[in-house]
Structure formats: C-alpha cells, structure tokens
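*Asks:* Okay, here's what each chain looks like letter by letter:
Protein chains: 2
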Amino acid sequence: MAKNKAYGTEKDCLRSMCPVSSVLDIVGDKWTILVVRDMLLLGKRLYSELIDSPENIPTNILADRLKRLEAAGVIEKQPYQDKPVRYEYRLTQKGEDLRPLIKELAVWGNKYIEGTMVPPEGFMDKPYQP
Amino acid sequence: MAKNKAYGTEKDCLRSMCPVSSVLDIVGDKWTILVVRDMLLLGKRLYSELIDSPENIPTNILADRLKRLEAAGVIEKQPYQDKPVRYEYRLTQKGEDLRPLIKELAVWGNKYIEGTMVPPEGFMDKPYQP
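Protein chains in written order, with this note's numbering: chain A, 1 to 130; chain B, 1 to 130.
Treat the hints as calculated values from the structure; they're not laboratory data.
Please note that the accuracy of each hint is not assured.
A pair holds if it fits inside one copy or across any two, identical chains being indistinguishable in the list.
Derived pair list, reagent style DSS-like, types lysine-lysine, alpha-carbon separation capped at 30 Å [said to hold, decoys possible]:
#1 30 / 126
#2 111 / 83
#3 77 / 111
#4 30 / 83
#5 83 / 126
#6 30 / 77
Note that the structure is predicted; figures quoted are calculated from it, not measured.
Please put together the full structure from these sequences, using the hints given.
*Replies:* Next comes the structure, spelled out in structure tokens:
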C-alpha cells in the first residue's frame with residue numbers, strides 16, 4: 001500500500017472500503033484529474049507546462065496535487081537536469097490506467113454539457129504524440 | 001442549458017470548454033458521486049436513506065449536493081406525500097448515464113486500492129432491485 005507521509009497509509013484516510021468512494025478520496029476534487037488529463041492526453045511533463053492550462057490552475061494547488069499524486073503512486077518525479085536540478089513528472093501505470101475514467105468524463109460532458117469541445121476521433125485513446 | 005439559480009447558467013461556472021473539466025465543475029468533489037452511487041446502485045430515494053451511508057456524509061453537505069444535482073438536471077425532486085409534504089429524489093436519464101463513470105471508478109479502485117470491496121458480478125450494471 002502506498003505510503004503518504006502527510007496522511008499515513010492510504011487506508012487511514014479512506015472513508016469506507018467502497019472502491020468508488022476510495023478513488024474519490026484520492027482524485028475526488030476539481031483539479032487532480034485535470035493534471036492527469038494534461039499528462040495523459042497532452043504529454044505534459046514539466047511544472048511550467050502543467051501550470052499553463054485553460055482552467056488557470058493556481059500554483060499552490062498544482063504543487064499540492066503533484067505531491068498527492070506522487071504519494072498515491074499515480075505519477076513519478078524524476079530529475080532531468082543537474083545544476084540546478086530540475087524535475088519532470090511521468091504517469092505510472094496506475095496513472096495511465098485512469099484513461100478509461102477520463103474518457104467517460106469526456107463522453108458524459110460532450111453528451112450533456114452544451115458547447116464542450118468534442119475531441120478528435122481516437123484522441124482519448126492514444127499516448128500523446130507531439 | 002440547465003439553469004442554476006445560485007450560479008447562473010452552467011456555462012457561467014465552467015472553467016473551460018474541456019468536457020473533462022466541465023464535468024468536474026459539476027461532480028468534481030468527494031461527495032457528489034457518492035449520492036449518485038447510492039441512488040443508482042442501492043435504489044435510495046429518500047433523504048433519510050441517503051444520509052445513512054458508510055462514509056457518514058454530513059447533513060449540510062448532503063442537502064447542498066442534492067440541490068446542486070437537481071439544478072444540474074442529474075436528479076429530480078418529487079413529492080410522494082402530502083401533509084406534511086415529503087419529497088423523494090430520482091435520477092434523470094442524465095443521472096443514469098453517470099453509470100459508466102461510476103463503474104470505471106470502481107474498476108480502478110479495485111485494481112489499485114488494497115482492501116476495497118469487489119462488487120458482485122453484474123452489480124454495477126443493473127438498476128437496483130430490492
């Protein structure tokens with residue numbers, strides 16, 4: 001079980017053992033999934049890329065969500081440069097496996113929220129190719 | 001477009017026209033989907049049933065989320081008794097169509113969060129039969 005320094009083990013902060021509720025304990029807020037979306041669909045890896053979203057994620061929220069996602073094992077932080085050391089973020093398999101959930105969000109949004117952008121055919125299925 | 005008295009039209013409170021982000025603007029919190037879960041999978045319709053969840057949803061949060069879900073057209077409130085008038089809540093088709101999303105939450109939760117309950121085969125697919 002992933003260890004989260006700030007909150008103990010995952011199990012300590014789950015409200016119940018319902019799998020739906022437990023996932024919401026990790027990604028159930030307005031911002032977390034958007035960070036995953038940008039990594040999964042747009043190939044973003046750098047903080048400077050992730051901060052640049054149409055939703056204008058506040059910098060303190062982005063920093064917090066990256067820490068939580070790393071603690072939950074959804075992303076990994078790796079140095080890509082020395083002096084000064086700089087980090088990039090990559091989705092783990094656990095993060096990649098959020099794709100079907102993100103697809104369902106988009107399907108429902110396109111069906112029921114007027115004016116939302118419809119992604120090109122296949123866009124949600126593929127790893128990002130720049 | 002559904003009118004939300006407290007917040008104007010849906011479009012006024014969307015952060016962007018991304019369908020993923022727009023859905024999170026409606027259901028992106030730790031509690032809203034749990035209310036839908038209980039109606040969809042357990043057939044709950046009454047406030048007294050919905051307040052009785054293993055996650056101990058606070059009463060002010062339940063009341064707020066029911067209002068938001070109604071404003072978003074995900075549920076409908078109908079009187080089922082006169083003197084005193086009492087209401088029940090039912091999912092609309094828009095609410096029913098959150099089923100695939102809730103299924104994906106459960107799939108990911110069962111795969112990645114140790115100890116979560118695995119629903120019986122077919123449980124997530126069927127309308128609730130008491």
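*Asks:* The structure should be examined with respect to each hint, and the outcome stated for every one.
*Replies:* Do the hints match the structure? See the list:
no.	hint	verdict
1	30 / 126	both (24 Å within a copy, 29 Å between copies)
2	111 / 83	neither (49 Å within a copy, 39 Å between copies)
3	77 / 111	between (35 Å within a copy, 22 Å between copies)
4	30 / 83	neither (35 Å within a copy, 40 Å between copies)
5	83 / 126	neither (34 Å within a copy, 57 Å between copies)
6	30 / 77	both (22 Å within a copy, 26 Å between copies)
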